[in-house]
Amino acid sequence: MTPDLLIQSTIIGLSIGSIYILMALGLTLMFGMMHIINFAHGAIYMLGAFAIYYIFSQWGAPYFAAFVLAMLLLGTFGYLVERSIYRAVKGGIEPTLVALLALTTFLQAAGYPVFGQLDKHVPPVFHGTRNVLGVMISVERLMIIPMAGALVVGLNLFINKTKMGAAMRAIEQDKEAAALQGVNVHVVNGLAFAIGFALAAASGALMAPIFKLDPMMGEQPLLKAFIIIILGGLGSIPGAILGGLMLGLIDSIVATALGAEPAFLLSFVFIILLLLFKPTGLFGYAPP
Amino acid sequence: MLEVKDLRVRYGTVEAVKGLSFQVPTGAIVSLIGANGAGKTTSLRALTGLVRPSGGEVRFENALLNGLAPHDIVRLGIALVPEGRRLFPKMTVLENLRMGAYLQTSKADVASTLEMIYQHFPILRERGRQRAGSLSGGEQQMLAIARALMNRPKLLLLDEPSMGLSPIMTAEIGKIIRQINALNVSIILVEQNAMLALTLAQYGYVLETGTLMLQGKAEELLRDEGVKKAYLGI
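Chains as they are written, first to last, in the numbering used here: chain E, -13 to 274; chain P, 5 to 238.
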């Protein structure tokens, strides 16, 4: 591999990694607080991409406005899913998982007649290429890094510096004790659903100008996000960030050097090895 | 202040509390004693909304508590220091205290409560930046009590505060409970250490497998032959 190719695949890896991180953050947040795996995360990614298609490229809204609107709409949808599905099953873990799987299947199946398959694409938002360390990279790919980065920083500030964020951390550590301090656990769980859904929508919205849109387009990033949160430690936010970066880089660099299939295989070999030596993942901890 | 009438709590087919009645006058320390499985912890969980009573009535300053969520009950001025402390282990001591003041909206009030807490528990000021999980058992118990006080409760429920503590630390906790009571906070003290409970309380209730066996002034219970034999080990 030439140095130029290494630089290029590293930068592409960072941009893919940023998407993985956004996906994984919501998953790990929801898992940490409610011990559920949000299977619908991939479907929400897909809806985020289609939201950009309609709001930006069909109705002509500015890209940033469409981006924010997609996050708001799907974030609200997340809150409503907590209010309806999660509360209806009284927070039971297994019934929630089954309901989320059903929701996923429904959204994807409805996607074919409503959105169509691989026949829509979003025109480029950022044009041209830019010279980075002597290598030309498309600005479209490059812009993903600061935009995702801003969301990651924003989420961390929210969780570590605000009262609501403290309530989320409290629920993650002891739900009953949080309720005993006066935290309305339902509302804060709903907020976690909203944040998770909004971040998944943001990932889809960022990738929309790069790939053709398809109702099943969220499955691949969902699978990657699962790998990342296991790698980083279930429920850990720093773990999701580090895991996402690692997986993005492995994907891109190994895929450039050896091809896409070995890269996919290697990510699993990597996770098996890591879990052999640290079963709780990078930042995970076994509850006492 | 608190009136419990015929409280019943059911876990599946098992009735853990079978018609318990007791009351807490304003300013009093009332203690519930009894062996493991007597229904003491379950009663406190029912009073704070962590479990729903299956029957009976709980009234606090004439408001009916049955069916209220824990966060609504905390708002009325009842705080529980749960069995096993249940701190937020990954948060610092100060963050734990701030969580206790979650419902307080005035920053000035929180700051003055915090100052008051530090006067009673100087060790917590020293340990402010340390993670709660790294404190010793006694310090954790102090933090758990302090966290509950951050919301300025009128009624404080203490579940086994002496559990796992050394005799010296237990005596210290006893002193703290008296100090809190002197600040005009009514207290329900649940203890397996009946000697500690009955020395602190004015009134005691003895529970056995979910029902009330005996009640009376604490000093009378301390002299009662049955209580001596079963709970005081004399």
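Any given hint might turn out to be false.
As the list claims (entries may be wrong) - The calculated lysine-lysine pairs, modelled on BS3-like cross-linking and capped at a C-alpha distance of 30 Å, are:
1) Lys221(P) <-> Lys22(P)
2) Lys221(P) <-> Lys9(P)
3) Lys233(P) <-> Lys9(P)
4) Lys161(E) <-> Lys94(P)
5) Lys221(P) <-> Lys149(E)
6) Lys179(P) <-> Lys158(P)
7) Lys221(P) <-> Lys158(P)
8) Lys158(P) <-> Lys9(P)
9) Lys147(E) <-> Lys94(P)
10) Lys94(P) <-> Lys149(E)
11) Lys94(P) <-> Lys264(E)
12) Lys179(P) <-> Lys233(P)
13) Lys111(P) <-> Lys94(P)
14) Lys111(P) <-> Lys147(E)
15) Lys94(P) <-> Lys9(P)
16) Lys22(P) <-> Lys232(P)
17) Lys158(P) <-> Lys111(P)
18) Lys198(E) <-> Lys76(E)
19) Lys9(P) <-> Lys76(E)
20) Lys161(E) <-> Lys147(E)
21) Lys179(P) <-> Lys94(P)
22) Lys233(P) <-> Lys22(P)
23) Lys9(P) <-> Lys22(P)
24) Lys22(P) <-> Lys94(P)
25) Lys76(E) <-> Lys22(P)
26) Lys161(E) <-> Lys76(E)
27) Lys161(E) <-> Lys158(P)
28) Lys221(P) <-> Lys179(P)
29) Lys232(P) <-> Lys9(P)
30) Lys221(P) <-> Lys76(E)
31) Lys161(E) <-> Lys232(P)
32) Lys232(P) <-> Lys149(E)
33) Lys233(P) <-> Lys221(P)
34) Lys76(E) <-> Lys149(E)
35) Lys161(E) <-> Lys149(E)
36) Lys232(P) <-> Lys221(P)
37) Lys161(E) <-> Lys233(P)
38) Lys158(P) <-> Lys22(P)
39) Lys221(P) <-> Lys161(E)
Calculated from the structure, these hints are not laboratory results.
Note that the structure is a prediction, hence the values are computed from the model and not measured.
Checked against the structure, which of the hints given earlier come out wrong? 5, 15, 18, 24, 30, 31, 32, 37 and 39
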